[in-house]
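J.: Those protein sequence lines, which keep their order, are chains B and P.
Under my numbering, the residue at position 60 of the first sequence is numbered 60, and the numbers go up by one with no gaps.
Under my numbering, the residue at position 41 of the second sequence is numbered 142, and the numbers go up by one with no gaps.
Keep in mind that the hints were calculated from the coordinates and are not lab data.
These numbers come from a predicted model, not from an experiment.
No residue lacks a Cβ here, since even glycine has one placed at the ideal position from N, Cα and C.
You can trust all of the hints, since none of them are fake.
Going by beta-carbon spacing under 7 Å, a handful of chain P positions derived as facing chain B:
no. : residue
1   : Ser103
2   : Thr213
3   : Leu227
4   : Leu322
5   : Val327
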Amino acid sequence: MRAVTGAAEEPDGGVPHGALLRRFAVAVLDGGQGLEDVRSTCLATLGESATIQAASVVASFDGINRVADATGIRLDPETVAAGGDHLTKELGLGHLASARS
Amino acid sequence: MSQHLVATEPTSTGLDTAWAGIAAAGSWFSGTERIAIAEQTRAARACGLCVERRAALSPYSVSGQHEGQGPLSVPAVDAVHRISSDPGRLSEKWYAEALASGLLPEEVVEITGVVGVVTIADSLALALAQDPRPLPQPEAGEPSRARGPGAAVDERAWVPIVDPERAEGELKMVYDWAASGPGFVFNVARALTSVPEALRGFFSAFTPNYGTHGPVGPGGLNRSQVELLASATSAHNDCFY
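Could you build the full structure based on these sequences and the hints that come with them?
T.: Spelled out as structure tokens, the structure:
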């Protein structure tokens, strides 16, 4: 999970090219700062198809985050049962208003 | 010079559907107003008030007017800008104040759906080194102002939601489809059910790119990589979901 926040001692956090993927996500979400470089690295390392897939996932979650935040939905009971609330705390997101029940 | 990348066919088709839907009258906003919501979603990224609020310890400590108004009411513009530019700090207090300022719960839901679609389209374009999609021309027509049957507020969300057992017609079909993979319907899918157009539009854009079950889709990333991208995005946006 620390790979998600960039806090892992081993930068990839056990996920192949995890650090690179995280840098790509952050560059997109920060409005393109440093994006050209990290996109080029993704293309060289992961290939075009995987880079496009990564872009699609980041964009989709950028959108669904707004749906979750603006509607005040709670985590699903099924997700909580599967450890989702633990994950939320580990990511340091337990303080967020829309996560509170 | 950036290499312009092209989204996969399912992604493009889903976004085309959602994009065209923005131009049509919805349940609570006309096509002209929905296009204005899309314009304000984009304007919020450079809006001086939004920039100042984002930098403040609390968004409530900064008052003022957003740049650009158009045909939308002041509360609607504020909702669009807050959802677009500072979603991680939306709170139940924010939602209550939006309703107190005159917005209906379903209007908040419809605004959210449009902001969500525009966010997906624009983030994807940025990530792929493409120009943002031009907004479509608004279509004529009046909003239906029809409330979906069975929408109710409970502890699962601020907004009203329609449960699967109360769903009818297209909404029931959407629920059946949403439950077919994981075996249950995620709350985030329920969140837009009081405005079926919002549900259909948003998930037309979202679904081709991510599913919790089955293959992760074409591209070559494995499940752990996809989940890392999803989680990293949510963490960066300060979103628990």
